[in-house]
Amino acid sequence: MASDEALLIETIVQVSAAILLSPLYQGIHEKLKAFVEGRRGPSFLQPYYDIFKLLKKEVVVTENSSFLFIYTPYVVFGIYLLISFLIPVVYPSPIYLTPTVDFLGGALLFSLASFLKLISSVESGSNFVALGVSRVLSFIFFSEATLITVFFGVALITGTNNPYVTLQYLTQDISHYLQLDHVLITVSFFMLWLFETGKLPAESSGLSEMGMIDDALLYEYSGKLLGILKWGSYVKQYLLGSVLLNVFLFPWLLQTGPLGALLDVFIMFLKWLLLILISVIINTTLAKLRLFKVQDFLAVSFILSVFSLIVTVLIG
Amino acid sequence: MVNAQLLELISASIIVSALYIQGQAYFKPTIYAQAIQSALISVLAFYLGFALNLIDYVILGVTIVVLRSFIITYFLFRGLKAKPGIRESTRGVASELVVNLAFFFLAVFILYYFVLGRIGLTTEAGAATLTIFSFILFFQGLFLIVTRRSTIAQIIGFIEEENSIVLFGILTIPIPFLIEVSIFLDVLGLVVITSLLTLQKLEHTKLEELMG
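So the sequence lines, in the order shown, correspond to chains A and B.
To convert, count from 1 in the first sequence and add 42; that's this note's numbering.
To convert, count from 1 in the second sequence and add 10; that's this note's numbering.
So here's chain B without its partners, still in its complex pose (with noise of 0.2 Å):
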């Protein structure tokens, strides 16, 4: 049987992981960050795998750490050009993390009493309100881009996006459609955009974004 508890442990701590990355401006521990967010999100699949007996979710757990723990994290340092300790110029983490904070609560709560709460959601682990922590992530993840100038930043937040549709995936998608789509946007989506946007420029402004 799925144990509720820690379900929620494991997405908890997602969350934490994603709002680790939003406080933190070095790129190094935040590419580490987001690949451990992806590690956390395979090891709930491994979980679920084991728990309910399925072989698919021990597969979609092995591809997200592969392509995003490993893969990705290469990419992404290999994007930072070899510099260590370079970080971006963050404008008050306090401020950033309590307008992050309204953003997601408010988000949630809308889409839980407006939403959710209407349309009956089951899932195969038991465990709707769950789904919960996967639109907290998303918000979260949509924040990170808005609030970042830095491509490795706003790639970081569209992970968390992806990640937080995996997550969501895993409670209520049938997971072979899910692996497929995973990996779909994890090869085309993350590794070719990843390495050519951080070659591209690593920090984008308003400026250049006007010039034709």
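If we strip away everything but chain A, and leave its shape as in the complex, we get (with noise of 0.2 Å):
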């Protein structure tokens, strides 16, 4: 019975850390990155009042929007928050509903996201995000491949496809940490992840910019609706983070138990102003980057992933 309450803890601290304070990693990303720039930014809240707001305010929706226009942002909330139920986004070890998928079903329940995203905003019938569809999948068919190919490779080094398995095998030696095509997977997942959460230094989301690649998708969207889109872009953008971090960049620190599990959060805090640094630096330093060399930037991307199976199988 204490273990079932001890899991049930877990499980809450856990999903509800995705859930509330994704926004909260955003809001000071962009604070620390106003400060390096020299401005005093918003509020790191800023976040939070944004989606306080829409949620408050009325929904507009174009005359030709069928049904998954306006049903598909709850659905989409919905399988991210699924997803923080299956990987190892705060507590090191299983909870409930997380033998539901492996890591790979993981991978395809973010891509059917990417998926019902796109068709739900071509459904607003509006050329401007028309647009922006065709520009997000000229991107992303590199993206979506090599989110694949680094789980498959995940699952190679490891034997298993169990993101909790390649946790503890990756903090029982260091030996295994610096393994060669662990390496090229970090590498290739942390490019995945820096364009798949708008932190390329090409993207703006700006209302009249040309650089925006995700917020095209939103155009058309408002009031609740838009409130939910953009904190399920938060907490996807917190989940795929805490994967980089706890499975592929830093896997150690994290503690077990109920009490363990409230002192995980403070420990992924902590680790998210690691990479919230590094983006940081990486967006202030780098000159922007031409919008069609986000093609470049993913193919290389992809290569890694693929070059590190390749040593996975043949070197061993």
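No wet-lab data here; the hints were simulated from the structure.
Warning: the hint list may mix true and false statements.
As the list claims (entries may be wrong) - Partner residues aside, some chain A positions facing chain B, computed with beta carbon under 8 Å:
hint, residue
1, Leu319
2, Asp338
3, Ile345
4, Ile352
5, Leu356
Each residue gets a CB set at the ideal place from its N, CA and C atoms; glycine is no exception.
Take the two lone chains and join them into the complex the hints point to.
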């Protein structure tokens, strides 16, 4: 009974941390970026203010759009909520619902959410969104391939497709962490994370910018639906970033047990500060990429992930 | 004793430098990347020299670093005729990289399963599977020659192939013989031909090749 209660607490801590704290990391990122650029910048709680404001607002729907346009934001948010049960984003051991799918299943759920977002935004019938969707598609054919190859790579390294096993395998011995295939796959996934979460110095989120990639999909959304989609993208950023930290980049320090789960929230906060710092350094020191260079960037990420597979399979 | 992971790391860095050369359109960084690639091979030779306590590897390392990282780099820059910032117009880095990947991926798998897996190769350093990196480098050099029109990029492709032979030889062939062959190819094949070709013309198009 006690272990059931412990499991319940660990589950609640992991899922609520993923859902509630994800906008905070975006806020800290923006604040830190503004600080480096010499601006005052918005408050680090700004993403929360935005979400609350949008959730209270009225929804405007275009005449041409179907039910997909209205219901997809809820489904997408639900998918991200489900993924937060499946992968070690806060707590290093399996929780409730974790055995539902494996690592590859998690990747497919991410792909499903992206697909639904694309379909629903096209449903609005706006030409501008159609342009945005075609732009997104010209990039994500690489990023989705990389995501799946990276997860294949993880599966081959540990002989299982369970991220929790990978986490334990990496923390067992430093030599596991320093293996060439793991290093290559970490670099590849980090590049992918930069793209997937809009942290590449190519993208900008202003309303009239030509550099927008992901935001073009949300162009016709308004009010509560926009708020839910924005919140969903913060959760997605948190999930991918936490997988990057816990399974690839920095798998140590996580504690077990109900109290350990609470401590893990703080440890994850510190780890995220490290990731945010790296991302801010990349964003503020590199010159802005031309938009079509994003494909080259993703091609390199894809090649590194496949090269890692070659090293794993042939060198062992 | 030889640390296989260190060998893997250096060999993988060599492959990454070849990928960089494939994706880079500007000549200057490409030539520097070639120098770094050759230097990495000499680092591998030095490491094996110290680990196995064989002076031959050290001599090979010195030869490679002097001839390829310095002399050939100097001749390539001379061939560039002091025009900074010039580049070749490439046809889409992403597609070239993916075709390159498909090319060496397939070639290496066929080689591994149908050739290397059957002959039971043994090496002095005890790392027979590492020879796979030399094949990857060889196919990358070949692909660079096929995809580029400029003389400098094609010569760098040839140097990559040379590097792959040395990388293969370091692990398999008796070193004194390798040193002789390497110096012969470097001095005659690379320095002389490089200086002549780059002085002749900077770019090759299909039409020029067909004219008598």
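Structure versus earlier hints - violations, ascending order: 1
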